[in-house]
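Visitor: Input sequences plus hints: build the corresponding full structure.
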Amino acid sequence: GAGVSQSPSNKVTEKGKDVELRCDPISGHTALYWYRQSLGQGLEFLIYFQGNSAPDKSGLPSDRFSAERTGGSVSTLTIQRTQQEDSAVYLCASSLVGQGVGNQPQHFGDGTRLSIL
Amino acid sequence: SQELEQSPQSLIVQEGKNLTINCTSSKTLYGLYWYKQKYGEGLIFLMMLQKGGEEKSHEKITAKLDEKKQQSSLHITASQPSHAGIYLCGADMYSGGGADGLTFGKGTHLIIQP
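Just so you know, the protein sequences line up as chains A and B, in that order.
Adding 3 to a residue's 1-based position in the first sequence gives its number in the numbering used here.
Adding 11 to a residue's 1-based position in the second sequence gives its number in the numbering used here.
Incorrect hints may appear among the rest.
Unchecked claim - Pairs of lysine-lysine, DSSO-like flavour, derived with a Cα cap of 30 Å: (1) K14/A with K117/B; (2) K38/B with K60/A; (3) K14/A with K47/B; (4) K47/B with K60/A; (5) K18/A with K49/B; (6) K117/B with K18/A; (7) K49/B with K14/A.
As the list claims (entries may be wrong) - Far from chain B, by Cβ distances over 10 Å, these chain A residues were calculated: (8) T79; (9) Q83; (10) R84.
To be clear, the hints were calculated from the coordinates, so they are not data collected in a lab.
For glycine and all other residues, C-beta sits at the position ideal for the given N, C-alpha and C.
Guide: Below, the structure is given as structure tokens:
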């Protein structure tokens, strides 16, 4: 597709369940980013992939969060044993090259709105 | 503490009036990005500024980065209902090809009154 695609657009689940969020970046974009947006917190950077590798995972909120990217394209963000504080909009972005290398803008998907009951 | 401060938090402007949104940091910004967001949607890229003193315009929106690269302003001339939304500034706070994502301000909620 022309833009960054995220699925599902909305997810409601019970506390304690695992969830998997998917991001399909713009074709040809080597860099992929995950952010979380919650009320009062603004946009919070989670993790960045250059190709299939994530150099720094320290932005992930807890060890219940993990992310992977295969084939240099689609990425999944997995949250295990969800808690109510995980409720937020999870946004994915991609850019032509990585941050700090030529400073290319990041293009965002519409996000996944996650609600934990 | 918030590394990137945006002001004002919200703004109500009569259609046709001009307005300015500010984004300020205590640190040098290595790339400043302006985005617009509508409720329930992702961020739409507006402009990117990299050099001190740089200014860019697109249609009725102008963005500037000061010489010290610590403050940026977004100016809308003759505002229209289509300008309504949340404006976010994002910045690359680290030099040297770091692998960190952007740091964002908390956004400015713009309402245009007819």
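Visitor: Okay, which hints does this one fail, numbers in order?
Guide: none
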